[in-house]
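Trainee: Here is what each chain is made of, one letter per residue.
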Amino acid sequence: MALTQDRRPTTRWAATPSSRELAFLSLVGAVFFFGGWQLIAMSGLVSQYILPSPLAVLEQIYQLETEPFAGFLLHQHLLSSLERFMFGFLLAAALGIPLGLIMGRYRLLDEIVTPLFEAYRYVAPLAWVPFAALWFGTGIGGPVMVIFTGAFAPCVVNAYRGAQLVERYLIEAAQTLGASNLRIMREVLLPGALPSIVAGLRVSAGLGWQSLIGAELIVVSSGLGYVMVQGQSNLAPDIVMSAMLVIGVVGLCIDVALRAAERWLSRRWGRV
Amino acid sequence: MAQFDVIAPRDQLAHQTSLMHLPRQPGRGWVVGVIMIATALLLWYVLTSLTGIISSYRFPSPPEFLAALRQIAVDGYASGTLLQQTLQSLKIVIEGFLVAALVGVPLGFLMGWSPRAEALLNPVFLLIRPIPPLAWIPLAIVWLGLGDGAKIMVIWFAAFVPSAINTFTGVRQVNPTLIEAARVHGATDWRVAKEVVAPAALPMIFTGLRLSLQASWTTLVAAELVGAFLGLGRVLSIAYRDIYPAMIAVAMVTIAIAGAFMTQLLERIERMVIRWR
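If you read the sequences in order, they're chains A and B. If you use numbering that gives the first Met the number 0, the first sequence corresponds to residues 0 to 271, in order. If you use numbering that gives the first Met the number 0, the second sequence corresponds to residues 0 to 276, in order.
In isolation and in its complexed conformation, chain B is listed as follows (with noise of 0.2 Å):
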């Protein structure tokens, strides 16, 4: 018959891309960890500074990479300092992953309730999803051009889908004898949407919001290299053009801190909504 099931519950774990949350036995992990990173950072120095075995063509050293981050912290590079810079990459990213978040869940959360509902949107759904976020950005470009809109549209395509996916696979698990139970005592489908469906299927809502975020920081940093007016993204593609690469590190590691930091936001806010995990 008719297959619906486009968003299956497969494979949730197969998409989780952090060795930390897998289970693990506690170790002297963070003893090892710390060593490494001293160990690699003593590498970086010897290979650049030292030796010049890497040429500063290809990969700052040490004080280069100071210096960079010295010049775009106090005055500035790409027409904003390293803070503005910052600030507008993460501004974007939290508007489109809203949006994307306030649509896709309760989307996703209808198309679960809902056999109807999933089948009506189905068609959309399959058109949507395979396209890469990515390939959003041109026709976003056309559409709104280089400024803000362009990105949360592209966000918005990024984090929309986990979102929705997710909410819907963990609405379609809840158990069906809670529910039975709830509407046994007579509760009315707003309550059991409410105080069964929802509160069950919280921990997959969270992790498709993580995916989705994730998906959101990927997907503007790309959209902001293609063309912007001001972000991390665009730090990148000016000290490409220029050929300046410890500015092009000092955009990485930006990146990645703040990708780390509101990844860990979230973490923490779900902790707080899922108290009894």
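Same shape as in the complex, but just chain A (with noise of 0.2 Å):
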């Protein structure tokens, strides 16, 4: 099966060195990189207004919680970033697997969406920005459309080959047994399909994810993306640094909890 294909061990073919000796070598990398940051920053030989030290960015992200910045405080606009992207992730992954899954089942309705669905896909996501905004406002429907733009391509690609896995002998199965179209749709191709939409789900996330920052960035007046616009305008790459940090840890919690998901599914069906 084409998706076991991407599930290979990697294989050490190289002499492989003891994990005590690669465990030393990752934590010399670490130190390096912070402590060689560190000693630049404190050197003075850069300006703190160019590159702050790890520790003041570690400060900022308690001040930006302690004192409101841009209006609220950061885990407020950390709220409001996670609420504008569960509505558009929620609503691209929605709309995106039903339809993936069709489009696998019904070749008409493929041949019918395809083209589009190319067109469309070659949009970067941030061009939509534009019009999200024209059509739907600054506000939750803008950014929840941008949103949507990105999760949604991959949702409906990796629904069609999901469902284009399911052997074929089981939906004639269920359809020799009498099972409405919507039955096999429920119990025969969602189940199916399920490893492939959640992989599909993880790069949605990221994608999304992603996307809302972007749209924060150009025309939204809260949320981590306008933390960032506010902190380079007004030249404190300390907080730009800071915001980004928190904007990698979420993404990565997103990211984590969907891989759970993603292997408690295979626990309970036994194969991904």
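The set of hints was computed from the structure by calculation and includes no laboratory data.
Covered stretches of chain A, going by a simulated chain B footprint (3 or more residues, C-beta under 8 Å):
#, region
1, 120 to 130
2, 223 to 233
3, 247 to 260
Every beta carbon over 10 Å from chain B, so not counted as near; a handful from chain A, in silico:
#, residue
4, Glu64
5, Leu72
6, Leu77
7, Leu78
8, Leu81
9, Gly140
10, Gln174
11, Leu193
Here's a subset of chain B near chain A, in silico, CB distances under 8 Å, partners left out:
#, residue
12, Ile36
13, Pro122
14, Pro131
15, Leu133
16, Leu138
17, Trp216
18, Val220
19, Ala238
20, Ile254
21, Gly258
Using N, Cα and C, we set each Cβ at its ideal position, and we do this for glycine too.
Join these two chains into a complex; the hints should help.
Mentor: In structure tokens:
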């Protein structure tokens, strides 16, 4: 099956050093990176308005949480970003997955949608920002549309791919037993395609999160992206870097959550 | 034990965002496609020009679109003609993409080749990887201003990760038997790398380059929207400021066509390089 192909274990054909040595090397790499950064920032070679030290960045995160910046505390910005993200992401999943499944099942619909889909796919998600703002405003509607355009494609493509991986005879067996189309969709196609769908959702979430940050950089006036823009216009790289760090950590959390869902599903169905 | 495999080879397929690349039976697909596109164009005309259901403040009608196209192609808009703006965007994307690939591919190769190099560099990857490329835009502007340098820096971050990760995965997936066989015949490390590992990893490397190029283009448009002197993203942002939907549409279509063109070009290069496929 095509899916197993990308799950080949990585082979370490090179002479494998001991894991203790590797852990040590990782530590060396991390210390070298952060230590070098801290030293350069402390030495005064580079102004703190260009490169704040890692400690200064951590301190700035604490300060953003205790004093409002750009109108809100850090966690309020974070929550407004997350709210937009959830709406956009759920909308993309709710429309994209059924569309992909149906396209995988019915040739005609597949042929009808594919050319339009290909045209949409080549438009960079952020290029939708002007229309999104014009149509749905810059509060929640516009950003949600931008997230949607970023997250939609992987949902459709992976549901479609998953539906095609479902063995024909399973569908035919269900038909023989008199299952309705809706039931086939729900009880044969969806479970069969689920591993592929979840893999797609992870890609979607990453793209959606990134599109949200882009939208917030351009038109929105709250959220983590907005914090970065404000930090940028105040020439405060420590604020910009703090926001980047939070964005990275939240993105990582979303990915970890979806990966946990993926593992749970693979245990439940015994295959991914 | 310590888990260094943050760069796992999972979900290569999940990143595929084109329906066209998926295996499908040959069919009357293109006929339906042509009919579909014609229908969409007709619907566009009916909804805007003919009945006015969609007002031109929200979406332009075909004549308005053509007028805007003519305006930017002949007189120019946002300080340049369409050709100048497109060439500017393409130039920056190609520069940024090349710089990222020239660093990312060798680095990925090195990390795949040597577990020690992987362990050493992994912490930095762990830090950079979760940060969305677009989040580098404000920092790039603080450091390098609104010129080309800042755009190239942002594109570098967008394109570097996919090319390094996929090269890494490609190198790790090389069949160990092939390498052992080459070694048994007395091949040096250099020859093993050049004549066994590199050709075997090439398809994955190109997958990485394709993803890199896509990411570069998306990122550049965003970076130009945030602030630029010239380029398609700037056309978009000025058209948005002027509330000029026809020009927004022209810019979006140009972005799509230029993106498609670059992807096609890379695929052609891939077919030329990997002839045996």
